[in-house]
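Participant: Sequence:
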Amino acid sequence: MRVTRQIVCFLCLTLLTSVSWSAPPETEAKLQELIQEIQKNEGLYPSLKVELTRSHTDEQAWLSIPGKERIERVAKISLVTQGKQFREQIREEGEHAVISGGLGGPIAPRAKKSKPNRVKTGTEIWTEVSNGQVCRILNESLFPAEKEPRIFNGQITDRVPPLPNLARPHMFLSTGLTGVPLSVSLRGDDAARADQGSSSDKNREQPHIRVLDTVEFQGHPCIRVRRETSHVRREYWLAEDRNLIPVRILSFDGRGTEFLPSSEAVVEDWWELQPGVWYPRRATIKRFKTSRFRREEKPVLAWRMDFAAQSAELNPKVETSLFSQLDFPPGTSVSVWEEGKQVRTYEQE
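If you count by mature numbering (1 follows the signal peptide of the UniProt record, and there is no 0), then the sequence shown holds residues -22 to -1, 1 to 327, one letter each, in order.
Hints were generated in silico from the structure; no laboratory data involved. Treat the hints with care, as some may be off.
To be verified - No more than 25 Å apart at the CA atoms, straight line, and that leaves these computed lysine to any residue pairs for SDA-like:
(1) LYS54 with LEU120
(2) LYS264 with LEU190
(3) LYS264 with ALA169
(4) LYS18 with THR153
(5) LYS27 with LEU300
(6) LYS46 with GLU70
(7) LYS18 with ALA169
(8) LYS54 with GLU327
(9) LYS267 with LYS62
(10) LYS62 with ALA145
(11) LYS18 with ASN143
Claimed, not checked - Ranges between beta-carbon positions, derived for each pair:
(12) GLY166 with PRO127: 25 to 33 Å
(13) ASN117 with ARG182: 43 to 51 Å
(14) ASP168 with ASN131: 19 to 27 Å
(15) ARG171 with GLN303: 31 to 39 Å
(16) SER33 with ASN117: 30 to 38 Å
(17) GLU291 with ASP219: 16 to 24 Å
(18) GLN184 with PRO308: 46 to 54 Å
(19) SER299 with VAL278: 43 to 51 Å
(20) GLN288 with GLN184: 37 to 45 Å
(21) ASN131 with GLN184: 36 to 44 Å
Just so it is clear, the structure is predicted and the values come from calculations on it, not from any experiment. The beta carbon of each residue, even a glycine, is placed where N, CA and C say it ideally should be.
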């Protein structure tokens, strides 16, 4: 009976997403009015300075690490933004997976069996500095027990990177780095590509985006907006009393079910930076093992990230050099990129 119900739900969802969508004029007008209000609120954060902690717990069984079912690490994140300029440093300490034996799949006949996957313990430091024209990146790997305990890699590129999600409160709960604000994403893929300087793709499926209703979540009145394609459905719960920042995001994909989300992201506490201007203070993002939905009919955790902001400041006073200076330690292997091509490499003296 359970399997039959799921098949019927899947067929209904497939039928609904295979036809062209057309929203009534009043519904479309309501969506456009909401998008304009979101865009207005996004403009409340021209410059930010935040210090956060991110705890990451990975319970993916596919890592196939003998005697290890859970991997844990903690990152300290420092971020300063000014317009499209930013400086971000992520210092992550704890356990990191080393994939050497594959992800648990069958071994081909006569193939040489590789070493099993394992865990290494240490620190990864990622520093990225962008002034909107040139980006400098330094990655430091510090793992005392490894053959190469200390590795430095640097990069200088004219690729203008998108602002980190944490720099945009309306994107705080998003796991993928789309590079576009929420107000642009809710206008559709063509608008997102135009925002990034790309041309439209008429052969690509366009998402159906609509305002669902108004609900309450954790005491906040929220406007629910759904963005949907034939492969994934995402619901944004926009808190009306928190600058329309999503207080909850639910994602459903084709590998799961119609009713159980493949991921859930929630803001649990807020920081009022200025009267009426808010920033997430504590938040959690959970990803579930969708392959087990049909067997257990309940979410089974794959991984989770917990965020806690220690400080947040709106419009801080910063030196312009903060977004252009990044010194590479002696011995750093540096690659230089121009227009998408690597033009040279050198070792920092």
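Participant: Next step is simple, just say for each hint if it's right about the structure.
Facilitator: Each hint tested on the structure:
1. LYS54 with LEU120: It holds: about 15 Å lies between the C-alpha atoms, which stays within 25 Å.
2. LYS264 with LEU190: Since the Cα atoms of LYS264 and LEU190 sit roughly 23 Å apart, the hinted pair holds (cutoff 25 Å).
3. LYS264 with ALA169: Not satisfied, since the Cα-Cα distance of roughly 28 Å exceeds 25 Å.
4. LYS18 with THR153: Distance of about 23 Å is within 25 Å: holds.
5. LYS27 with LEU300: 12 Å, holds
6. LYS46 with GLU70: 20 Å, holds
7. LYS18 with ALA169: Holds: LYS18 and ALA169 sit about 17 Å apart, inside 25 Å.
8. LYS54 with GLU327: 29 Å, violated
9. LYS267 with LYS62: 36 Å, violated
10. LYS62 with ALA145: With Cα atoms ~10 Å apart, LYS62 and ALA145 stay inside 25 Å; holds.
11. LYS18 with ASN143: 18 Å, holds
12. GLY166 with PRO127: 25 to 33 Å: 48 Å, violated
13. ASN117 with ARG182: 43 to 51 Å: 33 Å, violated
14. ASP168 with ASN131: 19 to 27 Å: For ASN131 against ASP168, whose Cβ atoms are near 36 Å apart, the range 19 to 27 Å is violated.
15. ARG171 with GLN303: 31 to 39 Å: 33 Å, holds
16. SER33 with ASN117: 30 to 38 Å: Violated: the Cβ-Cβ distance is about 21 Å, outside 30 to 38 Å.
17. GLU291 with ASP219: 16 to 24 Å: The hint (16 to 24 Å, Cβ to Cβ) holds, given that GLU291 and ASP219 are roughly 22 Å apart.
18. GLN184 with PRO308: 46 to 54 Å: 51 Å, holds
19. SER299 with VAL278: 43 to 51 Å: 48 Å, holds
20. GLN288 with GLN184: 37 to 45 Å: Since GLN288 and GLN184 have Cβ atoms about 41 Å apart, the given range 37 to 45 Å holds.
21. ASN131 with GLN184: 36 to 44 Å: 39 Å, holds
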